[in-house]
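There are 2 protein chains.
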Amino acid sequence: MPTTHENLKNAFAGESQAFMKYTTFAEKAEKEGFRNAAKLFRTTAQAERIHAQGHMAADDAIGSTADNLVTAIGGETYEHNEMYPPMYEQAVAEGHKAKRMFGYAVEAEKVHAALYQKALEAVKAGNDITESDIWLCPVCGHIELGAPPEHCPICNVKASVYVQIA
Amino acid sequence: MPTTHENLKNAFAGESQAFMKYTTFAEKAEKEGFRNAAKLFRTTAQAERIHAQGHMAADDAIGSTADNLVTAIGGETYEHNEMYPPMYEQAVAEGHKAKRMFGYAVEAEKVHAALYQKALEAVKAGNDITESDIWLCPVCGHIELGAPPEHCPICNVKASVYVQIA
Ligand SMILES: [Fe+2]
Ligand SMILES: [Fe+2]
Ligand SMILES: [Fe+2]
Ligand SMILES: [Fe+2]
Ligand SMILES: [Fe+2]
Ligand SMILES: [Fe+2]
Numbered sequence: 071m072p073t074t075h076e077n078l079k080n081a082f083a084g085e086s087q088a089f090m091k092y093t094t095f096a097e098k099a100e101k102e103g104f105r106n107a108a109k110l111f112r113t114t115a116q117a118e119r120i121h122a123q124g125h126m127a128a129d130d131a132i133g134s135t136a137d138n139l140v141t142a143i144g145g146e147t148y149e150h151n152e153m154y155p156p157m158y159e160q161a162v163a164e165g166h167k168a169k170r171m172f173g174y175a176v177e178a179e180k181v182h183a184a185l186y187q188k189a190l191e192a193v194k195a196g197n198d199i200t201e202s203d204i205w206l207c208p209v210c211g212h213i214e215l216g217a218p219p220e221h222c223p224i225c226n227v228k229a230s231v232y233v234q235i236a
Numbered sequence: 071m072p073t074t075h076e077n078l079k080n081a082f083a084g085e086s087q088a089f090m091k092y093t094t095f096a097e098k099a100e101k102e103g104f105r106n107a108a109k110l111f112r113t114t115a116q117a118e119r120i121h122a123q124g125h126m127a128a129d130d131a132i133g134s135t136a137d138n139l140v141t142a143i144g145g146e147t148y149e150h151n152e153m154y155p156p157m158y159e160q161a162v163a164e165g166h167k168a169k170r171m172f173g174y175a176v177e178a179e180k181v182h183a184a185l186y187q188k189a190l191e192a193v194k195a196g197n198d199i200t201e202s203d204i205w206l207c208p209v210c211g212h213i214e215l216g217a218p219p220e221h222c223p224i225c226n227v228k229a230s231v232y233v234q235i236a
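Protein sequences, first through last, are from chains A and B. According to the numbering used here, the first sequence holds residues 71 to 236 in order. According to the numbering used here, the second sequence holds residues 71 to 236 in order.
If we strip away everything but chain A, and leave its shape as in the complex, we get:
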């Protein structure tokens, strides 16, 4: 019998994936003209968010922002150093279309780790990061502070494609 700590990790994994699937299925239902079914998917996604965040809280997995940045840097570093490189190589070997997003992700996670590191240094000194303009490439997940680059250094789209998240 797994411990409750182990159960919380597994339930968090399940709820997080349910959230993401339902969010994606909502977009598809909207495209197919099922507006109320899309709303049901979005609403249920939020129910799963409540469950996932409740499990995190019960597992004491929400720390101070400094703690949370350390956790985030650990995840990003694992992804770009260990997780994604062999996945990318395998997709290339199979000629699988997954290689596109694996290739984008391995580069984007490196950028995320560096930005979180910058934020950690500020927060440890009691400060916020100074840049309030934070730009996202919606094709590959690249992020740039201040102003978007002329072309995305990962996927090469133009600056005008970048968006900010409210």
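Treat the hints as calculated values from the structure; they're not laboratory data. Hints should not be assumed to be uniformly reliable.
Any copy will do: because identical chains look the same in the list, a pair fits if it lies in one copy or spans two.
Said to hold, decoys possible - DSBU-like cross-link-like pairs, simulated, lysine-lysine; straight-line CA separation at most 30 Å:
1. Lys101 <-> Lys188
2. Lys167 <-> Lys228
3. Lys101 <-> Lys167
4. Lys194 <-> Lys79
5. Lys79 <-> Lys169
6. Lys79 <-> Lys180
7. Lys194 <-> Lys98
8. Lys101 <-> Lys180
9. Lys101 <-> Lys79
Based on the hints, put chain B with the ligands in the right spot on chain A.
Only chain B with the ligands this time, still in chain A's reference frame:
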């Protein structure tokens, strides 16, 4: 060496959990007054959503809305029949505070499965569900179509606590 299909499942799990953690960490950063760090967490969460949805697409895991409802019903049924009951029992045995959300979730997933089943019957007949008012209990994840119940049948909060998701 895992196949790309297996890698896509694992990468989707990782990205979905990163999305949920960063969303939660953003709320915490906001509470601690780090508004720009909060925005960095929210923006990075969206980058992980892009990766997760790209992996779903590369794995051909986004079907028609009817297919997606079948997938969703399968997940909800697994959670309320198999996954959550032993987790709840173990939390009770440990006297762990996790039992609260495990108890809410096991009941809420049953409701989600039934609502998705209702939506599936409509969609299979070429129709949308008729109710556009869809109410969420933000404490336990209960969902009700049409109008909120006087008290949540799972966690007992009043109707006025229920919310709708845009
Ligand atoms: Fe759930
Ligand atoms: Fe990342
Ligand atoms: Fe890009
Ligand atoms: Fe990612
Ligand atoms: Fe559910
Ligand atoms: Fe409730």
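Unmet hints by their number, sorted upward, for this structure: none
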